[in-house]
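Colleague: Taken in order, these protein sequences are the chains called A and B.
My numbering applies: residue 1 is where the first sequence begins, and numbers increase by one.
My numbering applies: residue 164 is where the second sequence begins, and numbers increase by one.
Simulated from the structure, these hints should not be mistaken for lab results.
On a predicted model such as this, the values are computed, not experimentally measured, just so you know.
Each hint can be trusted.
The following residues of chain B were derived to be distant from chain A, with all beta-carbon distances above 12 angstroms: (1) Ser366; (2) Thr370; (3) Arg419; (4) Ser455; (5) Ile501; (6) Gly540.
Okay, derived cross-link-like pairs now, SDA-like style, lysine to any residue, Cα gap no bigger than 20 angstroms in a straight line: (7) A:Lys5 with B:Ala331; (8) A:Lys5 with B:Gly594; (9) A:Lys62 with A:Val14; (10) B:Lys660 with A:Thr66; (11) B:Lys328 with A:Ser4; (12) A:Lys31 with B:Gly347; (13) B:Lys592 with A:Ala17; (14) A:Lys3 with A:Val14; (15) A:Lys62 with B:Lys328.
Every residue gets a Cβ at the ideal spot worked out from N, C-alpha and C, and that includes glycine.
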Amino acid sequence: MEKSKKIYELIVAVFFAVLSLFFLFTAFNTKSVASEGMMSAMDFPKIVLFGMLGFSLYVTVKNLMTRRERTDDTASSKNRSDFRTLITSLLIIAYVIVWKYVSFSIATWLYISIQAKVIDPDLKWTNCALIGLGISCVVVLVFKILFKVSLSEPLLISLGIIH
Amino acid sequence: MIDYFAIFGEALKVVTEPQLLLLVAVGTLFGLIFGALPGLTATMGVALLIPITYTMPAANALGMMLGCYIGGIAGGAVSAILLHIPGTPASVCTVFDGYPLAKQGRGAEALGWAAFASGWGSVISWVVLITLAPMLASVCLSFSSPEYAALAFFGLTIISAVSGKSIAKGILSGLFGIMISCIGLDPIYGSLRFTFGNINLLSGIDTLPAIIGFFSLPEILQGCTGKGNPQPLSIALRTFVPSLRMQLKHMVNIIRSSIIGTIVGIIPATGSGIAAYIAYDQAKRFSKDPDSFGTGNIDGVIASETANNAVCGGALVPMLTLGIPGDSVTAVMMGGLIIHGYAPGPSLFMKNPDIVGAIFTCVLLATIFMVLFQLVGIKFFVKILSVPVSYLSGTLVVLSLIGCFALRNNFFDVIVGLVLGGLGYLMVKGGFPIAPAVLGLILGSMFESEVRRSLQISQGNYSIFFTRPVSLAVILLAMFVIISAFVKNFKTIKAKKGRSQSGED
Chain A
1 MEKSKKIYEL IVAVFFAVLS LFFLFTAFNT KSVASEGMMS AMDFPKIVLF GMLGFSLYVT
61 VKNLMTRRER TDDTASSKNR SDFRTLITSL LIIAYVIVWK YVSFSIATWL YISIQAKVID
121 PDLKWTNCAL IGLGISCVVV LVFKILFKVS LSEPLLISLG IIH
Chain B
164 MIDYFAIFGE ALKVVTEPQL LLLVAVGTLF GLIFGALPGL TATMGVALLI PITYTMPAAN
224 ALGMMLGCYI GGIAGGAVSA ILLHIPGTPA SVCTVFDGYP LAKQGRGAEA LGWAAFASGW
284 GSVISWVVLI TLAPMLASVC LSFSSPEYAA LAFFGLTIIS AVSGKSIAKG ILSGLFGIMI
344 SCIGLDPIYG SLRFTFGNIN LLSGIDTLPA IIGFFSLPEI LQGCTGKGNP QPLSIALRTF
404 VPSLRMQLKH MVNIIRSSII GTIVGIIPAT GSGIAAYIAY DQAKRFSKDP DSFGTGNIDG
464 VIASETANNA VCGGALVPML TLGIPGDSVT AVMMGGLIIH GYAPGPSLFM KNPDIVGAIF
524 TCVLLATIFM VLFQLVGIKF FVKILSVPVS YLSGTLVVLS LIGCFALRNN FFDVIVGLVL
584 GGLGYLMVKG GFPIAPAVLG LILGSMFESE VRRSLQISQG NYSIFFTRPV SLAVILLAMF
644 VIISAFVKNF KTIKAKKGRS QSGED
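Starting from the given sequences, assemble the full structure and let the hints guide the process.
Modeller: Now the structure itself:
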């Protein structure tokens with residue numbers, strides 16, 4: 001198994017094990033009533049969570065016992081792609097925060113422009129900004145104006161640009 | 164006595180009325196756009212059309228809504244194939260083979276097949292609708308909680324088919340999906356489960372944001388690591404319109420998937436997503452090359468798209484004959500029918516054969532328009548693939564997150580999509596299949612509530628599942644699926660060990 005896949009597999013398996021333990025703890029500490037002979041509200045989740053815990057432990061143990069194979073990936077290209085993924089993830093989180101508390105249309109414009117520059121650093125900032133503006137205008141037109149999706153615009157409302 | 168002459172008279176009137184034809188076409192186009200855009204579903208499209216069509220004559224209004232319904236289900240294939248984002252929950256299975264085909268440069272071919280398969284599914288279920296509607300409706304309505312529970316159990320066994328190389332990881336992923344479906348109010352007693360005081364969790368985790376998060380964000384995060392190399396695409400008609408010979412070659416799959424879709428559609432509260440999963444699983448089992456499923460087998464696209472559109476005709480059967488909606492879209496459409504003064508049910512065929520005739524004809528017309536629009540649109544749709552990754556990636560994130568938000572206008576759904584998307588990325592990197600988690604999420608709550616309802620009926624006696632013929636037959640079928648999956652997995656491991664040992668020698 002590849003080194004990176006093995007690490008991710010271990011992370012996910014451990015996460016599922018911890019999650020199922022936490023949910024089991026919650027399930028056992030939640031009062032649930034049921035008529036005689038019937039399943040209570042927490043019985044079914046408990047069965048599922050025990051199954052989840054069992055399988056996640058199985059995957060974890062199997063992962064730890066498996067030898068890892070050497071991969072051909074050079075360290076620098078791997079680090080670069082992991083860095084881009086990390087930056088993209090942070091950008092997405094920032095986009096959601098700006099959308100919620102500042103303005104959907106401004107957040108969309110900024111996000112698309114910056115994301116394009118992150119993926120392809122050779123692009124010019126002006127091109128990124130113009131194309132980002134065009135895409136965000138189309139998105140706002142389709143979803144906000146045509147399909148009446150209520151996308152939040154607190155900044156534009158407070159500035160009196162839209163009502 | 165059903166007045167068949169009046170039904171056919173109305174059908175003739177419909178096809179010769181330009182205004183109605185235009186409205187059906189507009190409705191179908193509207194549905195296709197709704198289906199193709201992530202987060203906008205056919206149910207939402209039909210609901211939006213109710214106030215718009217309120218003042219129209221009933222036949223025109225229903226024609227437009229039916230067009231939106233059929234177009235909405237079929238349109239999901241566009242984003243599923245080209246962007247790895249299922250436009251609707253019905254097109255989840257289309258992603259499995261449609262997207263790998265697009266990556267191989269066969270996106271137009273996959274879209275062409277999706278259009279034709281959707282058309283075949285609609286036409287075959289339409290034939291069932293006009294010929295066997297009353298009989299089938301009464302059979303399927305004899306289904307009770309044990310049968311539903313058995314059906315959901317059978318659906319969950321499909322996890323083995325969509326698990327990929329590791330069944331253990333597939334089951335773990337499926338159990339995670341079922342666990343998510345347990346969040347919210349308990350379906351029987353109404354107790355709070357895993358809500359942690361958060362009001363947004365009371366109604367549970369919605370399927371659509373979860374699907375969008377699971378499928379789109381991992382793909383975007385993986386795609387953002389390179390500039391991509393957009394190829395100029397020249398699309399010739401012959402490359403995406405399947406020939407008659409090819410259609411005949413896949414006819415067994417088309418008919419099988421249509422039957423599955425129609426039956427699932429007739430059973431109330433099931434839906435096109437479940438039909439697509441079952442049809443995909445059956446297509447894989449009957450295939451001579453099951454290992455190619457998930458890597459770009461056109462039969463996977465055909466099975467999924469045929470079944471999800473066959474649900475449309477099936478879902479109209481109980482709606483028209485018994486006044487019970489087959490799925491969420493027909494529930495909304497039933498409201499539209501009532502607004503126009505018609506009571507769906509057995510009396511509709513006797514008292515209003517004209518409206519029944521109009522519905523029958525509009526379903527067929529909408530199917531024709533849907534196939535035509537999809538074929539015409541393919542040339543434009545595939546242009547998406549030639550957009551540079553640098554711009555496409557950001558746009559897809561925006562579309563995905565709006566898709567999460569648009570369903571309920573609730574920002575919490577965006578966070579759900581984001582969290583599950585992040586987890587989905589880690590799962591993909593770790594070799595965990597995503598499809599079982601979605602399957603568990605879709606079927607988990609149905610399975611739990613129907614099992615518990617059955618036990619209430621039987622006073623806690625589990626034999627209720629084995630003493631009813633339909634339930635027993637479905638459970639036996641599910642057991643067969645589970646055993647055959649484990650035997651196959653065992654054989655694969657044995658063969659792998661044998662190969663590695665001979666290699667060492």
